[in-house]
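**Student:** Spelled out from the first residue to the last, the chains are:
2 protein chains.
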Amino acid sequence: MSIPDFDDVKAAHKRIRPYIHRTPILTSSFFNTLTGAELYFKCENFQKAGAFKARGAVNAVFGLSDQEAAAGVATHSSGNHGQALSYAAGRRGIKATVVMPDNAPEPKKAAVIGYGGQVVECAPSNAARENTLRRLIEQSGAEFVHPYNDSRVIAGQATCALEVIEDTDHLDALIAPIGGGGLVAGTCLTASNLMPGTPVFAAEPKNADDAWQSLQAGRIIERDAPDTIADGLKTNLAPLTWHFVSSQVKDILLATEQEIIDAMFLTWERMKIIIEPSCAVPLAAIINNRNLFAGLKVGVILTGGNVDLNKLPWLKS
Amino acid sequence: MSIPDFDDVKAAHKRIRPYIHRTPILTSSFFNTLTGAELYFKCENFQKAGAFKARGAVNAVFGLSDQEAAAGVATHSSGNHGQALSYAAGRRGIKATVVMPDNAPEPKKAAVIGYGGQVVECAPSNAARENTLRRLIEQSGAEFVHPYNDSRVIAGQATCALEVIEDTDHLDALIAPIGGGGLVAGTCLTASNLMPGTPVFAAEPKNADDAWQSLQAGRIIERDAPDTIADGLKTNLAPLTWHFVSSQVKDILLATEQEIIDAMFLTWERMKIIIEPSCAVPLAAIINNRNLFAGLKVGVILTGGNVDLNKLPWLKS
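Chains as they are written, first to last, in this note's numbering: chain A, 22 to 338; chain B, 22 to 338.
Incorrect hints may have been included.
Covered, in the sense of this in silico footprint (three residues per stretch, anywhere, with C-beta under 8 Å from a C-beta of chain B), are these stretches of chain A [said to hold, decoys possible]:
#, stretch
1, 278–290
2, 293–302
3, 320–333
For the record, the hints were derived by calculation from the structure and aren't laboratory data.
Even for Gly, the Cβ is constructed at its ideal location relative to N, Cα and C.
With these hints in hand, go ahead and build the complete structure from the sequences.
**Tutor:** Put into structure tokens, the structure is as follows:
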């Protein structure tokens, strides 16, 4: 699969526009005072299906020919990409199948089904997941839409930074969380075209620091089953995202579990918006690295708000 | 005190603009499908100090002459108006004193103090509250800014509907929660000038239905210490707000405690925004009155987001 370029991003933005929200950008004088920076929060937690993932999924689904689309789409995901693909397929009126480990939380399965998709369960191992998906695709002819190692998905995620840049005035930096790297790759792609030289930072849980390690080592380092509350950021980089991350990310900043929870709580309390743990990592990193950002205008991508409201990390269960 | 007119509203909007957010209007296809209506949610939960109350308080504080302002402002409030007045006074650099019952929750006191105001405690009775405030004003010469029976406050709250109307295209109805009636009075004032004939609805907890009873009786009916989770809506109407409510409100719709909690939970879950119980009452009323709103474009004022995140009504404590 080819590396996406900025024309792909512009095409993606046009393609997905009818199916996504142009999410607002919020500011918070509380966080500006706390960090010494001027923060512009892009609220993808308000996005369709509750996360930026709708951008990439919609771009992939609506980029298919009618013939390709007829067999439906499939993926493996126990998180936001599964919901997003289900949402996108529903809007096009085609079938989406999402392979999930049989121990995935019921609400995650319910969300995929709620958007009209189908869940296929497998044993909770990488091998089972890949075998199940392969068999399913062989039988149905469905189009595989990888959560991030997919140029259509990266081009879709890149539209988020496009809107941030269009809706703000001369940012000094951008920051987004990094898991598989689809959003950060897309952010680099857009930033390098629209405001070359402006640094793009990624933020990662210390407990799942495979991207940070990869950047140190100069090659993709994988970490198996990391334990972090930021469950959207457990995935490892892949060739297409590494292409951008390795060459264009200014730095990867880390945050501990407690710092992530604290940043999440503060965001709920002061901004009155619901963000999921993965989404709080960049803010935790900015709070941790005051000297790096003080005095700068920083675009912060708030990635998603899919949280189980009955299980909040600051409440004892 | 005189009844405010629409010129007061326009002047208020100009006066408060530097100190308040022009809050966004969000839509939700989930709630549109659920209700059959087209809902436009005005997010005053994102407002300064977490509620629309900042509008009225800022208008009152910044409308004072320098001489009047020098002695500071004072009020009684254990809720959002106290925080809002403290915020407004802080922005003008004057003193705010808020009388609160000594059994008010610590976070409420902390919020007033956090914005620079002073809390004066009294015994938890209406008589103690009024005596304490009267004595305090006699001693200090502070300007009393009533939470709602105040034309400056009503004109300030009226700017909220002004923005809703400016930022949407031909609404068929407006709805807001009703406690003392400041917001609803202001909404009537603006709507009757900018889109005469368009109905304004108020929504009230069944457990604190004094405004509903007043509308039936044709005079202000007071209810003492009603028990509802919607703690911002326990107050009774007053002459200035009754002037508008009695003649211009189309109807007052009621919601039970469970309906309020359900609407609040659904808003958090589907819209990813934090609203307080009082703020969920209009949506609960719309869900309850599908036939009244189906097919209409409805502006819904989300009034505030000040919630104790450690005590959520759907979680057992």
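**Student:** I'd like to know which numbered hints this structure contradicts. Please list them from smallest to largest.
**Tutor:** Per hint list: zero violations.
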